[in-house]
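> Letter by letter, the chains look like this.
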Amino acid sequence: ETGVTQSPTHLIKTRGQQVTLRCSSQSGHNTVSWYQQALGQGPQFIFQYYREEENGRGNFPPRFSGLQFPNYSSELNVNALELDDSALYLCASSRAGRLTEAFFGQGTRLTVV
Amino acid sequence: AQTVTQSQPEMSVQEAETVTLSCTYDTSESNYYLFWYKQPPSRQMILVIRQEAYKQQNATENRFSVNFQKAAKSFSLKISDSQLGDTAMYFCAFMKHLQETSGSRLTFGEGTQLTVNP
Numbered sequence: 029e030t031g032v033t034q035s036p037t038h039l040i041k042t043r044g045q046q047v048t049l050r051c052s053s054q055s056g057h058n059t060v061s062w063y064q065q066a067l068g069q070g071p072q073f074i075f076q077y078y079r080e081e082e083n084g085r086g087n088f089p090p091r092f093s094g095l096q097f098p099n100y101s102s103e104l105n106v107n108a109l110e111l112d113d114s115a116l117y118l119c120a121s122s123r124a125g126r127l128t129e130a131f132f133g134q135g136t137r138l139t140v141v
Numbered sequence: 046a047q048t049v050t051q052s053q054p055e056m057s058v059q060e061a062e063t064v065t066l067s068c069t070y071d072t073s074e075s076n077y078y079l080f081w082y083k084q085p086p087s088r089q090m091i092l093v094i095r096q097e098a099y100k101q102q103n104a105t106e107n108r109f110s111v112n113f114q115k116a117a118k119s120f121s122l123k124i125s126d127s128q129l130g131d132t133a134m135y136f137c138a139f140m141k142h143l144q145e146t147s148g149s150r151l152t153f154g155e156g157t158q159l160t161v162n163p
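Quick mapping for you: the protein sequence lines, in order, are chains A and B.
For the first sequence, position 76 matches number 104 in my numbering, and the numbering has no gaps at all.
For the second sequence, position 32 matches number 77 in my numbering, and the numbering has no gaps at all.
In case anyone wonders, no lab produced these hints; they're calculated from the structure.
Fair warning: this is a prediction, and the values are worked out from it, not measured in the lab.
For each residue, glycine too, the CB sits at the ideal point set by N, CA and C.
Be aware that a few hints might be false.
[Said to hold, decoys possible] Pairwise CB distance ranges, derived in the manner of DEER restraints:
1) Glu110/A <-> Thr72/B: 27 to 35 Å
2) Glu60/B <-> Glu82/A: 43 to 51 Å
3) Pro98/A <-> Asn162/B: 43 to 51 Å
[What the hints assert, rightly or not] The calculated lysine to any residue pairs, modelled on SDA-like cross-linking and capped at a C-alpha distance of 20 Å, are:
4) Lys141/B <-> Thr72/B
5) Lys141/B <-> Arg123/A
6) Lys141/B <-> Tyr70/B
7) Lys141/B <-> Gly84/A
[What the hints assert, rightly or not] Here are some chain A residues the structure puts well away from chain B; computed CB gaps all over 10 Å:
8) Pro36
9) Ile40
10) Thr42
11) Gly44
12) Gln45
13) Thr48
14) Ser61
15) Gln69
16) Gly84
17) Pro98
18) Ser101
19) Leu127
20) Thr139
Excised from the complex, chain A in its bound form (with noise of 0.2 Å):
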């Protein structure tokens, strides 16, 4: 187990409704990735955070869009809820300059009804 925490584990939201899923980074890490894993696929990236700034971004819409707190810890916010968001949301932790060394969080479920 990794020192990566994501919460919740599960939820389930209306179509319209605005969701907040939580990562808190492993110690010593500095740099957050959150990426959406729908079912049967590889995960996407979604964007990173560092330094509380976001560094980056993947293909995803501007209702996609998160915070770094000064402890390191990260939130995911999705407003307007679609259908097709339902999946899984992964959060990975590293630290500046060893990137290739992330730590995956076991992700929160999201489903969208």
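Based on the hints, put chain B in the right spot on chain A.
Quick look at chain B alone, frame taken from chain A:
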């Protein structure tokens, strides 16, 4: 943009035997990293093995080894002496080499479900 392709959606192997999972990728980068990750039913992505593109020698980690063919853009994973605990989804992934932190990201393939049978 980089792409990663895993052409084997499912594979099975008998316990104690050897299995090879295939991965090809496409990139114009010359310096990059390749990875194999394992995702068991617990959902947590676990790093199995990592290869740096500038290194000629194939990476090995205990029962896991890779065959990295840079010119062919191929990166296969060999699992020797397969164990029941190896049953999982395996993902091949690519990362560009960047200085410090610059939004470097993993690009994953679609995955191969490996089942180890007793």
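> Go through the numbered hints given earlier and state which of them the structure violates, listing their numbers in rising order.
14, 15, 16 and 19
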